[in-house]
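S.K.: Listed below are the residues making up each chain.
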Amino acid sequence: MTQTTGKLLGWILGTALAIGFVVVMGQLAIGPAAQSMVPAPATSAGLTEVLFYVLAGVTIAGAAGVALSHNILYSAIGLLMALLGAGSLYVFLSADFLAVAQLLIYIGGVLVLVLFAVMLTNRITEITVSNTSLGLWGGLMLFVAVAPVLLAVALVTPWATITPAAAAHTTETIGDALLSRWLLPFEVASLVLLASLVGAVAIARKEIKAD
Amino acid sequence: MLSSPQRKPFSPRAVLVITLAVGVLLFGALFTGILVLTAAIKPVMIAAFLRQVVGVDPATWPHTTLVTWVSMAITALILLTFGAVISGATVWWEMRVSARMQSRIGYNRAGAGGFLQWIADAVKLLFKEDLIPAEADQLLFRVAPYFVMTGFALTFVALPFGEGLVAADLNVGIFYMVAVTALVVVGILLAGWSSNSKWALFGGMRAAAQVVSYEIPAGIAIMVPVLMAGTLSMQGIIRAQGAWPWQWFVFTNPAATVAFLIFFISQLAEGNRTPFDLPEADSELVAGYLSEYSGFRFALFFLVEFGNLWVMAAVLTTLFLGGWQIPWVSAADWTAARGALGDLPGAGWWGLQLLSMLVMVLKTLVVLNVIVWIRWTLPRIRIDQMMNLCWKYLVPFAFAAFVFTLLWQVLLARVPLLATFTGFIMTGLFVAMAALFGRQVKANIAASGDHVDLTNW
Numbered sequence: 001m002t003q004t005t006g007k008l009l010g011w012i013l014g015t016a017l018a019i020g021f022v023v024v025m026g027q028l029a030i031g032p033a034a035q036s037m038v039p040a041p042a043t044s045a046g047l048t049e050v051l052f053y054v055l056a057g058v059t060i061a062g063a064a065g066v067a068l069s070h071n072i073l074y075s076a077i078g079l080l081m082a083l084l085g086a087g088s089l090y091v092f093l094s095a096d097f098l099a100v101a102q103l104l105i106y107i108g109g110v111l112v113l114v115l116f117a118v119m120l121t122n123r124i125t126e127i128t129v130s131n132t133s134l135g136l137w138g139g140l141m142l143f144v145a146v147a148p149v150l151l152a153v154a155l156v157t158p159w160a161t162i163t164p165a166a167a168a169h170t171t172e173t174i175g176d177a178l179l180s181r182w183l184l185p186f187e188v189a190s191l192v193l194l195a196s197l198v199g200a201v202a203i204a205r206k207e208i209k210a211d
Numbered sequence: 001m002l003s004s005p006q007r008k009p010f011s012p013r014a015v016l017v018i019t020l021a022v023g024v025l026l027f028g029a030l031f032t033g034i035l036v037l038t039a040a041i042k043p044v045m046i047a048a049f050l051r052q053v054v055g056v057d058p059a060t061w062p063h064t065t066l067v068t069w070v071s072m073a074i075t076a077l078i079l080l081t082f083g084a085v086i087s088g089a090t091v092w093w094e095m096r097v098s099a100r101m102q103s104r105i106g107y108n109r110a111g112a113g114g115f116l117q118w119i120a121d122a123v124k125l126l127f128k129e130d131l132i133p134a135e136a137d138q139l140l141f142r143v144a145p146y147f148v149m150t151g152f153a154l155t156f157v158a159l160p161f162g163e164g165l166v167a168a169d170l171n172v173g174i175f176y177m178v179a180v181t182a183l184v185v186v187g188i189l190l191a192g193w194s195s196n197s198k199w200a201l202f203g204g205m206r207a208a209a210q211v212v213s214y215e216i217p218a219g220i221a222i223m224v225p226v227l228m229a230g231t232l233s234m235q236g237i238i239r240a241q242g243a244w245p246w247q248w249f250v251f252t253n254p255a256a257t258v259a260f261l262i263f264f265i266s267q268l269a270e271g272n273r274t275p276f277d278l279p280e281a282d283s284e285l286v287a288g289y290l291s292e293y294s295g296f297r298f299a300l301f302f303l304v305e306f307g308n309l310w311v312m313a314a315v316l317t318t319l320f321l322g323g324w325q326i327p328w329v330s331a332a333d334w335t336a337a338r339g340a341l342g343d344l345p346g347a348g349w350w351g352l353q354l355l356s357m358l359v360m361v362l363k364t365l366v367v368l369n370v371i372v373w374i375r376w377t378l379p380r381i382r383i384d385q386m387m388n389l390c391w392k393y394l395v396p397f398a399f400a401a402f403v404f405t406l407l408w409q410v411l412l413a414r415v416p417l418l419a420t421f422t423g424f425i426m427t428g429l430f431v432a433m434a435a436l437f438g439r440q441v442k443a444n445i446a447a448s449g450d451h452v453d454l455t456n457w
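Each protein sequence line maps, in turn, to chains A and B.
Residue 1 is where the first sequence starts when you use our numbering, and the numbers rise one by one after that.
Residue 1 is where the second sequence starts when you use our numbering, and the numbers rise one by one after that.
Careful: at least some of the hints might be erroneous.
Claimed, not checked - Derived, one-sided and incomplete: chain B residues facing chain A with beta-carbon distance under 10 Å:
| # | residue |
| --- | --- |
| 1 | Trp61 |
| 2 | Thr65 |
| 3 | Val67 |
| 4 | Asp137 |
| 5 | Val143 |
| 6 | Phe175 |
| 7 | Tyr176 |
| 8 | Ala179 |
| 9 | Gly204 |
| 10 | Met205 |
| 11 | Glu215 |
| 12 | Phe402 |
| 13 | Val403 |
These aren't lab readings, by the way, just hints derived from the structure by calculation.
A virtual CB, placed ideally from N, CA and C, is assigned to each residue, including glycine.
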């Protein structure tokens, strides 16, 4: 009984935090930005629009697959679909470098490593080991709490479309920005990578000593 | 022909004529299609075509978008078909060369020199039973070949065939090429796991470990020509080079030579070619990740493996060997041949394009042939040697080449003549080495009492 109450309390607290986060972010970030946006004029549904909706559908289906699948390998494939879809949406924003970087880093790097790690384990089809969930009630409560806020944000915001410049050269701009204005964050990010590399070596070394 | 003993076999002359006809027609049609369509799907060309040939204004004509999309779809189809056909032809060439190197006869039944064997093999694979093991993961087992095929097919988007002959001259060309190959790894991993067989799983794991490791030296080595050209675009990298060997990136910068070798080795490893064919080492793992595949799904894996040779060779040619650059034809000549940008180009421009395609295809075929030689010359290395080679030798050398190129570019900005000077010296060295190699081969053949015999090809 106490365990259930504790769990329930945890969920309520988590939900409140999520709602608070969305509301604060909406007020601070989306609100002012939305004020200055001009609603886009309705455009005719061409092939590009159809393509956009197909890709958006793939992204959402992939994300749903990650959350709903009972097999962790299928979750990984869902993640692949979601990442691919998000990457192709960057192309619509004419951010070609970002789209390719997404493909290379998230699919060529992260996802392959995830698959690799998953395959090294043998009990991967057991839900209780790999895909534990905290019950139907918790999920439902989180959904009921968050869905209206997210829906409100999606419906109230006057989404504006900016017609992107046709295939602008983004690589040079990104390079310049990384090495001038954003030099410090760039270097800090590389420090984080270095720390994780050192950590990986430390962990791997310990295993060899124990043998 | 056992069932019809009364039927006379074709005479050797007829077989030769049929084989030549098939070869010339197939490759002629494909290369013509690529030549015309990749050049023609650019918006400027479509607009000019509509205005001058069809006689409508492309800005107001309602079907302009439709024409664009349809021509793009046909181009995609032709490029895919080219990938499949060149893969088949590569199998034939590889089998002929390997037979020659191992004193066997090799393909010699279907068509002259067995040239039609790959068509017969493909048809046979189409008719085989599509077997899915009962214990396999049904969905992922079926999905895996699509990932592999997609990763392969997408490379043709940015692969140059000539000056204006590329489906899309992406601004991030070479970066894109590296990124889409990642899908192949995902497919191989899935194939290995979903087969539910220990051989396949081991093959898949080895393939993933190998490809992920060798992507790092390959990626750093690619940075060298990118730094030298100042662009990621495939066409931009070729335009930064010249037509003569001493103007190629591989010879103008000592670090680029090192990067060329590193990239070449890494490409062999990423393509799972001997001496790096551990993922499908037949003496240890049956056939690795494709042990359980049969029929059309197996054909797809096989197609990608051999089609990759063309992609590999073309990327190497683009990055280091001057691509499609034609001697005595400068960038100004191309602009002059093109004429006004709003018009359809004249015959001179198309002739130049054809010539540039010829140069590119020739260089690619030479590199492809070297890859085939290597496969039948070197033994397979062990898995620890493979990892050692990558992490202890290729990665540090690639970084050194990268840093050297940075300094080199700074130096070049002050002394531009240095590139020409180095180019001549390195080309001279290469020619001298090739001559010495040839002399040694000749001496070896003479010493063993053998002689060069090309009669039984």
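S.K.: Mind listing which of the numbered hints don't hold for this structure, in increasing order?
M.R.: As far as the earlier hints go, 1, 3, 12, 13 are violated by this structure, in ascending order.
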